[in-house]
Amino acid sequence: MLEVRGLEAWYGESHVLHGVDLDVGDGEIVTLLGRNGAGKSTTIKAIMGVVESRKGSIRYNGTETIGLAPDRIARLGIAWCPEERGIFASLTVKENLLLPPEIAPSQVDLDRIYTLFPNLKERLSSPGTKLSGGEQQMLAIARIMRTGAKLMLLDEPTEGLAPVIIQQIGRTVQALKEIGLTVLLVEQNFRFAQKVADRHYVMEHGRIVDMIPRAELEASMDRLHSYLGV
Amino acid sequence: MTELWYDLEPFLQQGTLGLVNGAFYALLSLGLAVIFGMLNVINFAHGAQFMLGAVVAWMLLTYAGIGYWGALLLSPLIVGLLGVVIERTMISRLYKLDHLYGLLLTFGLALIIEGLVRNQYGVSGLPYGVPDAFRMPPVDLGYMLMPAYRFWIVVVSITVCLGTWYAIEKTKLGSYLRAAVERPQLVQAFGVNVPLMMTATYGTGVALAAFAGVLAAPVYSVHPGMGANFIIIVFAVVVIGGMGSIMGSVVSGYALGMIEGFTRVYYPEASATVVFVIMAIVLLVRPAGLFGRA
Numbered sequence: 000m001l002e003v004r005g006l007e008a009w010y011g012e013s014h015v016l017h018g019v020d021l022d023v024g025d026g027e028i029v030t031l032l033g034r035n036g037a038g039k040s041t042t043i044k045a046i047m048g049v050v051e052s053r054k055g056s057i058r059y060n061g062t063e064t065i066g067l068a069p070d071r072i073a074r075l076g077i078a079w080c081p082e083e084r085g086i087f088a089s090l091t092v093k094e095n096l097l098l099p100p101e102i103a104p105s106q107v108d109l110d111r112i113y114t115l116f117p118n119l120k121e122r123l124s125s126p127g128t129k130l131s132g133g134e135q136q137m138l139a140i141a142r143i144m145r146t147g148a149k150l151m152l153l154d155e156p157t158e159g160l161a162p163v164i165i166q167q168i169g170r171t172v173q174a175l176k177e178i179g180l181t182v183l184l185v186e187q188n189f190r191f192a193q194k195v196a197d198r199h200y201v202m203e204h205g206r207i208v209d210m211i212p213r214a215e216l217e218a219s220m221d222r223l224h225s226y227l228g229v
Numbered sequence: 000m001t002e003l004w005y006d007l008e009p010f011l012q013q014g015t016l017g018l019v020n021g022a023f024y025a026l027l028s029l030g031l032a033v034i035f036g037m038l039n040v041i042n043f044a045h046g047a048q049f050m051l052g053a054v055v056a057w058m059l060l061t062y063a064g065i066g067y068w069g070a071l072l073l074s075p076l077i078v079g080l081l082g083v084v085i086e087r088t089m090i091s092r093l094y095k096l097d098h099l100y101g102l103l104l105t106f107g108l109a110l111i112i113e114g115l116v117r118n119q120y121g122v123s124g125l126p127y128g129v130p131d132a133f134r135m136p137p138v139d140l141g142y143m144l145m146p147a148y149r150f151w152i153v154v155v156s157i158t159v160c161l162g163t164w165y166a167i168e169k170t171k172l173g174s175y176l177r178a179a180v181e182r183p184q185l186v187q188a189f190g191v192n193v194p195l196m197m198t199a200t201y202g203t204g205v206a207l208a209a210f211a212g213v214l215a216a217p218v219y220s221v222h223p224g225m226g227a228n229f230i231i232i233v234f235a236v237v238v239i240g241g242m243g244s245i246m247g248s249v250v251s252g253y254a255l256g257m258i259e260g261f262t263r264v265y266y267p268e269a270s271a272t273v274v275f276v277i278m279a280i281v282l283l284v285r286p287a288g289l290f291g292r293a
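Here the protein sequences come in this chain order: A and B. Note that numbering that gives the first Met the number 0 numbers the first sequence so that position 19 is 18, with each residue one more than the last. Note that numbering that gives the first Met the number 0 numbers the second sequence so that position 74 is 73, with each residue one more than the last.
Honestly, the hints are just simulated from the structure, not real lab data. Mixed in with the good hints, there may be bad ones.
[Said to hold, decoys possible] Heads up, simulated EDC-like pairs for lysine to aspartate or glutamate below, C-alpha to C-alpha not over 16 Å straight-line:
#1 K194(A) to E217(A)
#2 K95(B) to D197(A)
#3 K176(A) to E158(A)
#4 K176(A) to E27(A)
#5 K171(B) to D221(A)
#6 K54(A) to E7(A)
#7 K120(A) to D110(A)
#8 K93(A) to E168(B)
#9 K54(A) to D20(A)
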């Protein structure tokens, strides 16, 4: 579904990605693990087209997207949930939820979203940023679920959240998989990533240095610990 | 009671007349606020685009025989399209740079537009009569007789300001606009063509200025400096209301027009400077403006 080859990216003068290669198959949940500053978020942003400059190749269902503007990339069926969540303060919860335009018929309608996230339904007319951190994260995921996008790029959805909220996010990611969506997940919280993901890529210094399928995870724990330094 | 009324009457009269100026302040600062909010550009050409609206109305009448009502529609369209061309070819290149570059560019554009009009038509002013539909007895407000056309200016201005506010605060398109003001990149990553929205926003802001220009043509003489007279006060209004705040610019537009009127009753010499005194006080007490988010 997604094939990334030799992806490089820059912020101003600083060269952040040095040739990233990764693949994500249809319906898979794949994580990007690595220490702070390894280039995980930048990889996601580069796929979405929101870095200052990038080169290499990113093919989505066979379409080369390296030269496309972010709105065109989104229209192909890729949705991005940024690390800072990006809830709009000047919009109500409902306006936030309905903001992203539908790009394809979606299996997730508003009723389904209200069932998955009952908290949101109760707060529809509050300003978006009056929600708690966990609720804002739910809202950020919920609003891209109803657009019909097929590939979700989730950047650290559990960051700074309480364990009970993290469990709820875990169930949400599972729900995404059941609907048949594909997820590329950046995660610092390895325990969380371990539960939800099919495969793990490990990043260091702007490159992918290893790939560990779920089945080999147990056997690769020592290797992984040395990468992550935990 | 009667004596109080005698005191109050000039106050109400000047306040109401001030509302006519306020109508223009509100329309112009509204356009500036919309453009600044979305593009982060301080549109110094706004006064020249206002003037151009009036001049195009005069040209439509003189060369094409198209009267006031046609001009009220066509002139904003023509000047707004010019705005679209300006945004696409020039302003859009400056978004990644400091505010100052946009300000310098639009200031230069204002000088060019005013210079071209002065060159073509001189400085003495072009006549533009009050439309026939308003050649009727003044409107009796109880405490004064208000010329019908001035009454119309206030009504139209309030309608347009409320309409714009509604479009931005309550519609789907408005929610894209508000969201893009906060995080343009994320809105674009949702699949919205943000650069196109910016072009359309600039065109709309400029069209609003031209619309105000057509409204002004029958009451102020149409001349190259008519925008420059207004725009200095309008910038003070925008600062008082809060940069980028739609409601702030509209409310302070009308309020400051009326305050100018009241000042004329008690101390006429200060009526031209009172806006700037208020601006200085607001900047000291609330630097983000009365309605601005700090």
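Next on the checklist: Taking the earlier hints as the rules, which of them does this structure contradict?
Outcome noted: Failing hints, ascending: 2, 3, 5.
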